[in-house]
Amino acid sequence: MVNSIQLGDIMKKVLALILIILGINMVFGGGFVSKIDISPKHSISYDDYGNVTKISIIPKFKYIRLQPGDSETITVKLKNKNDKDVKITPKVITLPYSENEIDESWISFDKTNFILKPNSSETVKITIKVPKDAEKGLYSGMIAFTDDKIQMPYGMPMYANSFMLSLEVWIPPSVYIYPKYIYDDVEPGKTITYNITIKNIGNKTFSINPKINSQDLEYWDEKPGILLSKDMIEIESPKVIPPKSEKVVKIKIKVPDDAKGVIYGSINLGIDDPGLDEYQQNIDIHLRVYNKPKEPFIREILINNASKLTIKIKASSYSWRYSSKIKNISANVIIESPKGILNIKPKKITENFNVYVSNWKLPPWETDSEGIYNIGAYSKTEEYIIKNPVNGVWKVKILPNCESFNVEIGIEQ
Amino acid sequence: MKIKIKFIFISLSIFLIFISGCLNSENPNAFNNSESKKILDNKDINKLEEYLIPFDGYKYDNINISKINNEIVVRATSKDLDGEDTYVFIYKNGTLILKSYSLEALPRQVKEKCINIALKNEEIYKNAEGYVTVKRILPQTSKKFYMPKVLFSVTWHSKDKVVSALVDLDEEKVVKTYIG
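Respectively, the protein sequence lines represent chains A and B. If you read the first sequence in my numbering, its first letter stands for residue 1, the second for the next number, and so on. If you read the second sequence in my numbering, its first letter stands for residue 1, the second for the next number, and so on.
Hints are computed from structural coordinates only; laboratory data are not their basis. A few of these clues could be false.
PhoX-like mimics (lysine-lysine), calculated; alpha carbons at most 20 Å apart, straight line [as the list claims (entries may be wrong)]: (1) Lys211(A) to Lys250(A); (2) Lys67(B) to Lys99(B); (3) Lys199(A) to Lys59(B); (4) Lys314(A) to Lys159(B); (5) Lys79(B) to Lys199(A); (6) Lys126(B) to Lys161(B); (7) Lys59(B) to Lys180(A); (8) Lys99(B) to Lys143(B); (9) Lys180(A) to Lys161(B); (10) Lys294(A) to Lys395(A).
With the hints as extra help, turn the sequences into a complete structure.
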């Protein structure tokens, strides 16, 4: 566990790093850098920085991701827009607030000391080589091309002609986990088994030891939450995952008879794959307890010398649910006459899709989907027609497996 | 606590990825429709593959391409995801560019989580009605509204209005709302 003081320190360091990056961005007058155009959009008044001689550095930032033992070379272009020579001496600068420094020995330059003539350009190749024994993590470093410094508003002097490097040292995971979330609607008293597939594509055997996370988890649902406890759960797991194999972890959850709201929790699979961080092997569990009606919805209809009885039942589901259940949604209708249950099939079945196209029906962040058909709600209507229904009390019984339903009853005299 | 720290570093990484302009793409390699190869040559298929990125951790199992006038419409699905991702490309000065997209191929659990996060916002909670859709929003769109990262649009459509929340799933928060 990281205590609050440690967390505070780390937060400060992260914030300082961001400020440094933003600071560089501000100093150089550039916006965010894109692949296409990384030149500053506005000219800079060089007089604002006193005796500092500024050069243009393209790009000013770089993020790279390397595995231990790998290397990468970055090319940085330097432009001297001044009317005097500038001496270029690239060197790695230690950032006082950085958590993980890129070691100076990891970085080398193809040119280390040269003069950049007025109105000329030169490229410098920076090679980053990560040692084989480097630890996983995010490293940062600054490369200064000259000794010129600017006093920043937040107190720390900044190298005026610098390049920021962010390096993520990573180890590719050998083990893949699917799914990482268990979200479901569950009924009280039921036991449900969820299968988690663990695939080892590597050449090593890994051990696995799943455990329920006992730490406090953030709970975000509006409904009352019940933290998943050991007595609700049974885990069946292999002890090891051999190379090039696929195994299944079975998570059996017993929903308490009196459960209401949401059951939430997390299981850590405890796999010793160095490529997997702890949080990457958590299985989030979020189960909405749904007290499904056990008895059907019943509507009584009084028939008195009618010539026709029409019953329309529309079962609806929202778009994001129907894709997997489109063929299954149903209102499960039973029609009962005064003489007993009718063996009747719907005369007509209607499917209804809601499709929208133009962006006036979309929020601004979805305008990029204009011109693409978007299917909204789905519903299925079953229409039953009974000619010359017998007099007396009829019943329509509905036990739905959809999200909502609508009943329309028409009586013709 | 550790998870939070990871999120901070992940967010920072994404930020740095953006500013360095080197977003990586995943190669889905699922062009199993032979018609696709009639419509596009291998060079353009490779170019398309750079754009087609399914929801994190998943892969497309089926990618179908059709050409309508000067538009190339790509529909991609995964057996593990609900819904379909649609991309529309056009050629501009000989270069294939992404014109529009609608990405609904998401794990059901992710959709549920996004909806729950959206409903934690009071404005959304009070106004949400009708049917709801959840879509993945790409960084190039997100940056106009928040920051360049994958966000999720949770939108309720009813007869009278559209109510939407732009959700940051990493931070588990609503970053923008829209009622129109």
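Structure-based check of all given hints:
This hinted pair checks out: Lys211(A) and Lys250(A) have alpha carbons roughly 12 Å apart, not beyond 20 Å. Proposed proximity of Lys67(B) and Lys99(B) is supported: the alpha carbons are some 14 Å apart, at most 20 Å. Of the pairs offered as hints, the one joining Lys199(A) and Lys59(B) holds, with about 15 Å between alpha carbons and a cut-off of 20 Å not exceeded. Distance hint between Lys314(A) and Lys159(B) is fulfilled; the C-alpha atoms sit about 18 Å from each other, no more than 20 Å.
As the CA atoms of Lys79(B) and Lys199(A) are separated by approximately 17 Å, the hinted pair is consistent with the 20 Å bound. Restraint check for Lys126(B) and Lys161(B): satisfied, since their Cα atoms lie roughly 13 Å apart, inside the 20 Å limit. This hinted pair checks out: Lys59(B) and Lys180(A) have alpha carbons roughly 15 Å apart, not beyond 20 Å. At most 20 Å may separate the alpha-carbon atoms for a hinted pair to count; Lys99(B) and Lys143(B) meet this at roughly 17 Å.
Only pairs whose Cα atoms come within 20 Å are accepted, and Lys180(A) paired with Lys161(B) is rejected, the gap being roughly 35 Å. For the suggested pair Lys294(A) and Lys395(A), the alpha carbons sit about 17 Å apart, so the restraint of at most 20 Å is met.
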